[in-house]
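Q: The listed protein sequences derive, respectively, from chains A and B. For the first sequence, the numbering used here assigns the number 1 to the initial residue and increments by one for each residue that follows. For the second sequence, the numbering used here assigns the number 1 to the initial residue and increments by one for each residue that follows.
Don't read these hints as lab results, they were simulated from the structure. Certain hints may be false.
[Stated by the list, open to error] Beta-carbon label-pair distances, calculated as ranges: (1) 195(B) x 323(A): 28 to 34 Å; (2) 275(B) x 240(A): 34 to 40 Å; (3) 329(A) x 150(B): 20 to 26 Å; (4) 226(B) x 241(A): 56 to 62 Å; (5) 29(B) x 340(A): 38 to 44 Å.
[Unchecked claim] List time: in silico SDA-like cross-link candidates among lysine to any residue, alpha-carbon distance up to 20 Å: (6) 336(A) x 233(A); (7) 268(A) x 139(B); (8) 389(B) x 209(B); (9) 193(B) x 341(A).
This structure is a prediction, so every number in the text was calculated from the model and none was measured. Note that CB positions come from ideal geometry on N, CA and C, so glycine has one too.
Here's the letter readout for the chains.
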Amino acid sequence: MNLAPDALKAPAGGGGLIETTYREAVREAIREAMLRDERVFMMGEDVGRYGGCYAVSKGLLAEFGPDRIRDTPLSESGFTGAGIGAAMAGLRPIVELMTVNFSLLALDQILNTAATIRHMSGNQFGVPLVIRMATGAGRQLAAQHSHSLEGWYAHIPGIKVLAPATLEDARGMLWTALLDPDPVLIFENVMLYNMTGQLSAAAGAVDIDKAAVRRAGEDITLITYGGSLWKTLAAATALESENIRAEVIDLRSLRPLDDDTILRSVRKTRRALIVDEGWRSGSLAAEICARIVEGAFFELDAPVRRVCSEEVPIPYARHLEEAAIPQTSKIVAAVKTVFGRS
Amino acid sequence: MSADVVDFRMPSLGADMEAGTLVEWLVKPADKVKRGDIVAVVETQKGAIEVEVFEAGEVAEILVEPGARVPVGTPLARIRTSTMAEAAGERPRASPEIVAAPPGALSRPQSLSAAPAGVPRREGGRVLASPAARELARSVGVDLAAVVGSGPDGAIVREDVLRSRATSEVKKPLGLDLGVMREAIAAAMARSKREIPHYYLQHQFDVTAIETWLARTNGDRPPAERLLFAALAIKAVALAVKRFPQFNGFWREGRFEPSAAIHVGTAIAIRGGGLAAPALHDVDRLSLDELMARLRDLVQRMRAGRIRSSEIAYATITVSSLGERGVEALFGIIYPPQVALVGFGTILRRPWLVGEDVQARSVLTVTLAADHRVSDGHAGALFLAEIGKLLQEPESL
Chain A
1 MNLAPDALKA PAGGGGLIET TYREAVREAI REAMLRDERV FMMGEDVGRY GGCYAVSKGL
61 LAEFGPDRIR DTPLSESGFT GAGIGAAMAG LRPIVELMTV NFSLLALDQI LNTAATIRHM
121 SGNQFGVPLV IRMATGAGRQ LAAQHSHSLE GWYAHIPGIK VLAPATLEDA RGMLWTALLD
181 PDPVLIFENV MLYNMTGQLS AAAGAVDIDK AAVRRAGEDI TLITYGGSLW KTLAAATALE
241 SENIRAEVID LRSLRPLDDD TILRSVRKTR RALIVDEGWR SGSLAAEICA RIVEGAFFEL
301 DAPVRRVCSE EVPIPYARHL EEAAIPQTSK IVAAVKTVFG RS
Chain B
1 MSADVVDFRM PSLGADMEAG TLVEWLVKPA DKVKRGDIVA VVETQKGAIE VEVFEAGEVA
61 EILVEPGARV PVGTPLARIR TSTMAEAAGE RPRASPEIVA APPGALSRPQ SLSAAPAGVP
121 RREGGRVLAS PAARELARSV GVDLAAVVGS GPDGAIVRED VLRSRATSEV KKPLGLDLGV
181 MREAIAAAMA RSKREIPHYY LQHQFDVTAI ETWLARTNGD RPPAERLLFA ALAIKAVALA
241 VKRFPQFNGF WREGRFEPSA AIHVGTAIAI RGGGLAAPAL HDVDRLSLDE LMARLRDLVQ
301 RMRAGRIRSS EIAYATITVS SLGERGVEAL FGIIYPPQVA LVGFGTILRR PWLVGEDVQA
361 RSVLTVTLAA DHRVSDGHAG ALFLAEIGKL LQEPESL
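All chains, please: the whole structure from these sequences, using the hints.
A: Written out as structure tokens, the structure is:
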């Protein structure tokens, strides 16, 4: 399948805005893909009769039937492998893994098979597979369901890693990902599913290789993605009262990283802070920090800083869970230290 | 580094001073100097200040030319001390530490051996500056050593270089710059109100006896030798702090450092709107006549914009008086890092009970602003009462 420019265009539809949720936007994206391409099917734990553990696929079994909305055994390695095989054989599977924690059971399939087949087959086979999974903390699901491991996947050559944070991206990234000839992982932050907002009725496919400047500013670049985007935007608003005008970049794609957008912004603001719900050590935030220092060292006017999760298993108790992950107040405080204020 | 050559450095003339401009050398190489000699004039936010030398010997070398603005701690000249014996017992110097550096350590350039206040330096003498600030400083020719940092950890950021360039481009007339002085007052007073938990006390005293004593004492003196009430007030404060040392000294690094010496800062208004509080040294050991002579000299020099480094930097307590302005009481703002300020209002004729009779008496309101981290109201009240008691016996001052 080639990525023709026309393929990105939204299907013909009426204008106007509709009130929707992130969850519904993801569901609409799946529906659209199923309707546009009969090779598309989805499988995963509880995606059919139960409607998905986050209710994303509610109603899809009735609409598309059990061949295309397939409930699987609790066997991530097995059904992810089946998805890889189906993709290599010409289908366009969407594999849903319930959470990123469970995806580790499929890590062998993802890393050793999906990401390597094109390389190992001398470009004879590709794996046009999309894997969706939930990530992030905040729903009191404790330490085996709440981690943010997307940064680990962003380490792996051969796949793309996406983090839709907006309704437009939740709606539009899936189709573009399905057009990609190689595996694409889409990480949906669990705290975003209930997010409501206005979305164009004609919303459709979006690019999946560019970061987006969600807020323009002159004084510091705040780089983030996924569920942390909204906390970071709130921090940027709060920082106005400190007379700090923050630019906020939504990475959207964690692999590849859009170095150009990041560096262009940092060269303008000369300061950078990365907000990443992953743990700090060996994190995606660390990688971004390194790229900034490599690419804009002489432009920097302050040390690059990071707001990451505390290095603990994400706690169950609400106050501890909240304390463990990036929050608006932590971001504001960290930005102030970049300016030598406390 | 030869052991008997020492650096004469840009002094710190106040907690808020970070750099100064060398205006004038009053000595040249090979001149002999002794401790206390005025060797240079330095321009600071507080005006032109005559800087004294603390070594005895001979000027070996002038390192900084007039007109140069350098950070506190920068060597300005090198003094060849007469003998080591004379040098010993003087102020501690950096040189012994350098001699004691571990074997194998490279000797550092001398100008980096001290870490001047306000200029961020890491161990090893490197100026903390952001890459962008360095790049800009290089391209516009600004010396980072002369820039004060405002960034994280006090690092110099781009903005600081831009600001320093802006100020250095404006050629300021030498002497007292009231605009700059206003900035300095603003900075010191804002810091005081921000950091010091002030408490205020007020006490009124009948000072009729002092007025009578002053009139009698001054009666047969020529105007230039007459005592002013201000001298008595300053002396009374100096003697009172001997009994109440918690009002004399500095709050530094989270603790009170009492001062054995009593140097009373004297708030002096400057025509045109400035204010300074240069110190009268060792007031407790001066006779009233000596104190009065010093006070006259200080006021004249202050108003002419020439005060000495030791006067501007070392006050241990401040006395402020708005007597000539007719104000009954003033509640001062402590000059950090000091911990107390005593205010004297105008002496007013007031009805006053003497025994059971109402009489017309001369009444003075004395106030205390003190740092509650160091002292409490109880001690403050006793301190004020002590000042009042001392003022009742002018002949013993």
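Q: The structure should be examined with respect to each hint, and the outcome stated for every one.
A: Going through the hints against the structure:
1. In this structure the hint that residue 195(B) and residue 323(A) lie 28 to 34 Å apart at CB holds, the actual value being about 31 Å.
2. Distance hint check for residue 275(B) and residue 240(A): the Cβ-Cβ separation is about 37 Å, which falls inside the suggested range of 34 to 40 Å.
3. Restraint check, residue 329(A) to residue 150(B): a C-beta distance of roughly 24 Å satisfies the suggested window 20 to 26 Å.
4. In this structure, residue 226(B) and residue 241(A) meet the distance hint of 56 to 62 Å, their C-beta atoms being roughly 58 Å apart.
5. Taking 38 to 44 Å as the suggested C-beta distance range, the pair residue 29(B) and residue 340(A) conforms, at roughly 42 Å.
6. A distance of roughly 15 Å separates the Cα atoms of residue 336(A) and residue 233(A); the hinted pair therefore holds under the 20 Å criterion.
7. Of the supplied pair hints, the one linking residue 268(A) and residue 139(B) holds, its CA atoms being roughly 18 Å apart against a limit of 20 Å.
8. This hinted pair checks out: residue 389(B) and residue 209(B) have alpha carbons roughly 12 Å apart, not beyond 20 Å.
9. A distance of roughly 19 Å separates the Cα atoms of residue 193(B) and residue 341(A); the hinted pair therefore holds under the 20 Å criterion.
Going down the numbered hints, you'll see the structure goes against none, and every one checks out.
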